[in-house]
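Peer 1: Listed below, chain by chain, are the residues.
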Amino acid sequence: DAKTTQPNSMESNEEEPVHLPCNHSTISGTDYIHWYRQLPSQGPEYVIHGLTSNVNNRMASLAIAEDRKSSTLILHRATLRDAAVYYCIPGDSGNTPLVFGKGTRLSVIA
Amino acid sequence: DAGVTQSPTHLIKTRGQQVTLRCSPKSGHDTVSWYQQALGQGPQFIFQYYEEEERQRGNFPDRFSGHQFPNYSSELNVNALLLGDSALYLCASSRTTPPYEQYFGPGTRLTVT
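Here the protein sequences come in this chain order: A and B.
With this note's numbering, letter number 14 in the first sequence gets 14, and the count goes up by one each step, no holes.
With the second sequence counted from 1, adding 110 to any position gets you this note's numbering.
The reader is advised that the hints may include incorrect statements.
To spell it out: a stretch of chain A is covered by chain B in this simulated footprint if at least three of its residues, at any positions, have a beta carbon under 8 Å from a beta carbon of chain B; those stretches are [what the hints assert, rightly or not]: (1) 43-49; (2) 85-99.
Lysine-lysine pairs mimicking DSBU-like chemistry, simulated, CA-CA at most 35 Å apart [as the list claims (entries may be wrong)]: (3) 136(B) - 3(A); (4) 102(A) - 69(A); (5) 136(B) - 102(A).
Some chain A residues flagged as far from chain B (calculated, every beta-carbon gap over 10 Å) [as the list claims (entries may be wrong)]: (6) 25; (7) 26; (8) 28; (9) 70; (10) 108.
To be clear, the hints were calculated from the coordinates, so they are not data collected in a lab.
Ideal Cβ positions, reconstructed from N, Cα and C, are used throughout, including at glycine.
Next up, chain A with everything else stripped away, as it sits in the complex:
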C-alpha cells in the first residue's frame, strides 16, 4: 500500500477556499487517489477520486500533480459543515478495502 503524508490539522475561515494537500510518492501507476472525510460522530463519506486528470464534483475538486506523487483536495467555499477529518487514500478503482491514515483535521471558523 502506498504511504501517504497529510498535515495533522488545518484551519480555514468560513466561505474561504481550502486546499488540503497529500503526498503519496510511492503510489503505483494504476492506483487511483480517493478522498473520504469523516464528520464528527459519523462514519466516513466519499468525497472524490481521480487517476491523472483533475476532477470536479458537487462537493470538491481534486488537483493531481503531473508525476502523481501528490494531490490537493480543494473545497471552494468552506462551510461549518465541512469541519471534518479528511483522508487521502491511494488504491485501485475496484471494490478493494480502503487503507486509512490519520488524515487532516480541518477546522472551519465562522
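With the hints as your guide, set chain B onto chain A.
Peer 2: Here is chain B on its own, set in the frame of chain A:
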C-alpha cells in the same frame, strides 16, 4: 433510501464476553466491509464479504469473524473480548460494479470493561 444502518449504536461488554454487531447495506449494494476505528486513529480494515463469503481479510485475529446473509446484510462477531477491542466498529457497503464508492454507516461504539 435509508443508507447503511448499524445496530446497536452503543454496547458495553465485559472482558471475555462475546459480541455480535449487525449491518444492513445500502439498497443495491452487495458487498459489505467492516472496519475498526480506535480513538484518534483512522479506520482499520477487518474483512470484506461478498456472495456470503469472506473475500479479503485485514490483520485481525481469528477472534473476529463475520457472516453475510442472502439479503446482503452482515454480522461481525468478536469472541473473548479484550480491553483493546474497545473501538468504533464501522460497516461499509459497496457494489462490485462501478461506481465503487464505499458508503459507511454511523458505527457501533463498543466499550469493553
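Peer 1: Decide, hint by hint, whether the structure agrees.
Peer 2: Hint by hint, here is what the structure shows:
Using a Cβ-Cβ cut-off of 8 Å, 5 residues of the stretch 43-49 of chain A lie near chain B, which meets the minimum of three, so the contact claim holds. Evaluation of the coverage hint for the stretch 85-99 of chain A: fulfilled, as 9 residues show C-beta separations to chain B shorter than 8 Å, against a requirement of three. As the CA atoms of residue 136(B) and residue 3(A) are separated by approximately 30 Å, the hinted pair is consistent with the 35 Å bound. Taking the CA atoms of residue 102(A) and residue 69(A), the gap is about 18 Å. The hint holds against a cut of 35 Å.
Distance check on the hinted pair: residue 136(B) and residue 102(A) sit about 26 Å apart at the alpha-carbon level, within 35 Å; holds. Every C-beta of chain B lies more than 10 Å from that of residue 25(A), the closest at about 19 Å, which supports listing it as non-interface. Remark: the non-interface label on residue 26(A) is consistent with the geometry, its nearest Cβ contact in chain B lying 18 Å away (cut-off 10 Å). Look at residue 28(A): its CB is around 17 Å from the nearest CB on chain B, clear of 10 Å, so calling it non-interface holds up.
No Cβ of chain B comes within 10 Å of the Cβ of residue 70(A); the nearest lies about 19 Å off, and the non-interface call holds. Non-interface status of residue 108(A) relative to chain B is upheld: no Cβ of that chain comes within 10 Å, the nearest being about 20 Å off.
Going through the hint list in order, the structure satisfies each hint without exception.
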